[in-house]
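Peer 1: Protein chains in written order, with this note's numbering: chain D, 446 to 617; chain Z, 446 to 617; chain U, 446 to 617; chain G, 446 to 617.
None of these hints come from the bench; they were simulated from the model.
Treat the hints with care, since some could be wrong.
Copies of the same chain are indistinguishable here, so a pair counts whether it falls within one copy or spans any two.
Calculated cross-link-like contacts (lysine to any residue; reagent style SDA-like; alpha-carbon spacing at most 25 Å) [said to hold, decoys possible]: (1) K466 with H594; (2) K586 with K596; (3) K500 with K604; (4) K500 with H520; (5) K572 with T523; (6) K500 with S607; (7) K573 with N615; (8) K508 with E482; (9) K596 with S461; (10) K477 with K508; (11) K508 with A478; (12) K596 with M491; (13) K596 with T578; (14) K466 with G602; (15) K573 with N474; (16) K572 with E522.
Protein chains: 4
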Amino acid sequence: MTSKKNLQIGIIGSNSSVCSKELYTFAFNLGKALADEGYILLNGGMQGVMEAVSKGAQQSDNKNSRVIGILPFDHRETCNDYLDIVIPTGVGFARNAILVLSSDILIALGGGAGTLNEISYAWQFNKKVFCLTQTEGWSAKIADTNIDHRKSDLLIGFKDISEVIQNIRNHE
Amino acid sequence: MTSKKNLQIGIIGSNSSVCSKELYTFAFNLGKALADEGYILLNGGMQGVMEAVSKGAQQSDNKNSRVIGILPFDHRETCNDYLDIVIPTGVGFARNAILVLSSDILIALGGGAGTLNEISYAWQFNKKVFCLTQTEGWSAKIADTNIDHRKSDLLIGFKDISEVIQNIRNHE
Amino acid sequence: MTSKKNLQIGIIGSNSSVCSKELYTFAFNLGKALADEGYILLNGGMQGVMEAVSKGAQQSDNKNSRVIGILPFDHRETCNDYLDIVIPTGVGFARNAILVLSSDILIALGGGAGTLNEISYAWQFNKKVFCLTQTEGWSAKIADTNIDHRKSDLLIGFKDISEVIQNIRNHE
Amino acid sequence: MTSKKNLQIGIIGSNSSVCSKELYTFAFNLGKALADEGYILLNGGMQGVMEAVSKGAQQSDNKNSRVIGILPFDHRETCNDYLDIVIPTGVGFARNAILVLSSDILIALGGGAGTLNEISYAWQFNKKVFCLTQTEGWSAKIADTNIDHRKSDLLIGFKDISEVIQNIRNHE
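Assemble the whole structure, with the sequences as input and the hints as a guide.
Peer 2: Here is the structure:
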């Protein structure tokens, strides 16, 4: 077993109904790249970006990485098929707070109201969110802005995978 | 006792650090006006808009209204002094989801990241939010917009108290 | 409106499937007696003891009392019909912790695993539980015992309504 | 990465203040034995039994096992030092429900009110709990009993590590 705790990275973004094919592919490639680094990946365990990043991570040869789904449900029947560990919280969308608290840093890819909810939690909990700018959805709209006057510089725009990987390496 | 369940209205908005004197006065007057109508008022139980609306409601002569604070803490020591009923949830800011689910409709007054978090929950839970436009903060920024493409027309801008009272009467 | 916060009393106990007719009648009479005292009553909002105590409270002439249901669900469709205020938490049975934290003191009437769960939370949160001894179920089994060695004397047996009302008056 | 989801086993029991040296050693050995089997181990992330089982698991050579702490806190500063993955839920002891829901089966070692709380959740959620009988605390008291009349045979007594390992193999 690994004894050193790995960095835990939360990936948030569009669910299936608002996830374009391009965004799905981007999320898949990001998942593989993050798993190659050996990080622990957390997501909401459902479809769209969450499924893509999980599926991509499963393609990595790095044995230290794991994908964890933090589900709103009290069972695991409706999560995506690419999770190593499943946390069926049973607390509904209050699980958004748990997902954000469990992430050392977050990456946002597109996203609707659920993603905005998680980004605003990240702001409250003082967590950095790397926000994809080359997409539709909230990650692009909110990148490099401040949600309120109490903090600043937590929502950092990025354009491609190598850039966000480098940012995370610098964060450690 | 009253046997008919009264409409439950959640009021969300700026905490003390971002609540101007003008917004505090507005929230106080709104609290009194809503209590005069006999509604059950819910809020986050803390300071700023939450305190003002609670304090205003205590000035009403309507015996049916009540003010309920849904607290993040597991105790009641740090809530405001104008709550009739206190729900110390102990779940931290996951209580935002509970506050929104407990509200038949919501009213947003200004607000920072916490208010944006609650507005995005309202969108997820399909609840109407009446959003004050004559203010700084998220209620003005997000009024009359759509958070994502899956729903529409849940965030309704308003300018003064008589307008929102009339809107709520129409809602019942 | 009442400005003084009333004592908040949580009533826990058998759900419909394990609630005898005798226990239902006892809970109904207890609900009326507690409402006559003007207390705020909280319960899990469902059937059995929860419904009976709510229904009884609605028979009281005291205008200060209120019955609040803290629901596991994210909606109010399946709660009992005798609640003044409904808190649909959406967090499933994690709502047991919220119900206990929101109660200044608790009263247990019979009960199965759910009631035992709430009694053990009360112990963790250092809350007194008045436990009915003249019944089947956990309130009788656990009355006047200590759950572990870290605390003592929180689970106080009682036999009839006048006794528990007197105990609560002494508590204030 | 492993693509097949491993069995998730929750270990619950005495916190530091009620964990004897003998029980700590037993939990350590159990943690190593379960990790040798390649299981995912979940616990509350704190001291006593939780620390011992985590520490033991770190001694295993099996690369597939992981130890996950489901914390009540909103930060990771006060968890034990032997966790691979940390979920700081921020929901207080409502995390007990999440820990139980996340476990396919549970093992209880001694324990006070917190352990009783988790065992009663397991009963509500229909999860098997293997209960150590050779100890003080709730695992021994409640082994091979039924919490209420709605279910049966979920709380299975065991005496030593080889017995519980065999039971879990049979469960799969």
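Peer 1: Give a verdict on every hint.
Peer 2: Do the hints match the structure? See the list:
1. K466 with H594: The answer is between: 17 Å across copies meets 25 Å, while 36 Å in one copy does not.
2. K586 with K596: both (18 Å within a copy, 18 Å between copies)
3. K500 with K604: within (21 Å within a copy, 41 Å between copies)
4. K500 with H520: within (20 Å within a copy, 29 Å between copies)
5. K572 with T523: Intra 28 Å, inter 19 Å, cutoff 25 Å: inter-copy only.
6. K500 with S607: within (19 Å within a copy, 36 Å between copies)
7. K573 with N615: within (13 Å within a copy, 42 Å between copies)
8. K508 with E482: both (10 Å within a copy, 17 Å between copies)
9. K596 with S461: between (32 Å within a copy, 15 Å between copies)
10. K477 with K508: Both ways: K477 and K508 sit 12 Å apart in one copy and 20 Å across, limit 25 Å.
11. K508 with A478: Result: close both inside a copy and across copies, 13 Å intra and 21 Å inter.
12. K596 with M491: between (31 Å within a copy, 20 Å between copies)
13. K596 with T578: both (21 Å within a copy, 23 Å between copies)
14. K466 with G602: within (21 Å within a copy, 35 Å between copies)
15. K573 with N474: within (21 Å within a copy, 38 Å between copies)
16. K572 with E522: between (30 Å within a copy, 16 Å between copies)
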